[in-house]
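Taking the hints into account, I'd like the entire structure generated from these sequences.
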Amino acid sequence: MNETQQAHGTIWAVFGHRLAIEGATGKHLADLGPKGAKGLSLKVGDTITVAGEAKPSEIKVATLTFSDGTTHTIVWDKPHAAEMPPADPERARDALRQAGYRIEGEPKRKPKHFELQGIRDGGRFEVHVALDGTIRKAKALDVKALDAAA
2 MNETQQAHGT
12 IWAVFGHRLA
22 IEGATGKHLA
32 DLGPKGAKGL
42 SLKVGDTITV
52 AGEAKPSEIK
62 VATLTFSDGT
72 THTIVWDKPH
82 AAEMPPADPE
92 RARDALRQAG
102 YRIEGEPKRK
112 PKHFELQGIR
122 DGGRFEVHVA
132 LDGTIRKAKA
142 LDVKALDAAA
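Numbering (this note's numbering), first residue to last: 2 to 151.
Certain hints may be false.
Unchecked claim - With a cut-off of at most 20 Å between alpha-carbon atoms, the simulated EDC-like pairs for lysine to aspartate or glutamate come out as follows:
1. 79 <-> 54
2. 109 <-> 78
3. 44 <-> 78
4. 61 <-> 78
5. 140 <-> 95
6. 79 <-> 4
7. 61 <-> 89
8. 56 <-> 23
Quick caveat, the hints were computed from the structure, so don't treat them as lab data.
This structure is a prediction, so every number in the text was calculated from the model and none was measured.
See below:
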């Protein structure tokens, strides 16, 4: 679970959808996101309270409260991972086989793709296969360097 943070203070800088505020707990950077900042009229000197997810360098704001007590709620879009197909290494292997590769080793899982090594037409390749089974990239590997490392 992500840690939440709250900060109350005066805006001393506005840039894009981010605000710099200073209050009793120090200076904070608050990220409203492009959608969250839309339609808001915030300016240097305004007193606000923000609350949201604590990130290493900022607060990802979920609620912003103005000095008059009016609260603005910000709903963040979910990460792309929720829309991605399930990760199936067999789908990646099938894509390579259908493209004429002889697979070497096991697929390595990355956030949005698998990396596999394969041989085709006498060359050795590192192939990136998207989670939907689409080959995105095939990079020729230096066979001499691989043999020396083995």
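Output the numbers, in ascending order, of every earlier hint that fails for this structure.
2, 3, 7
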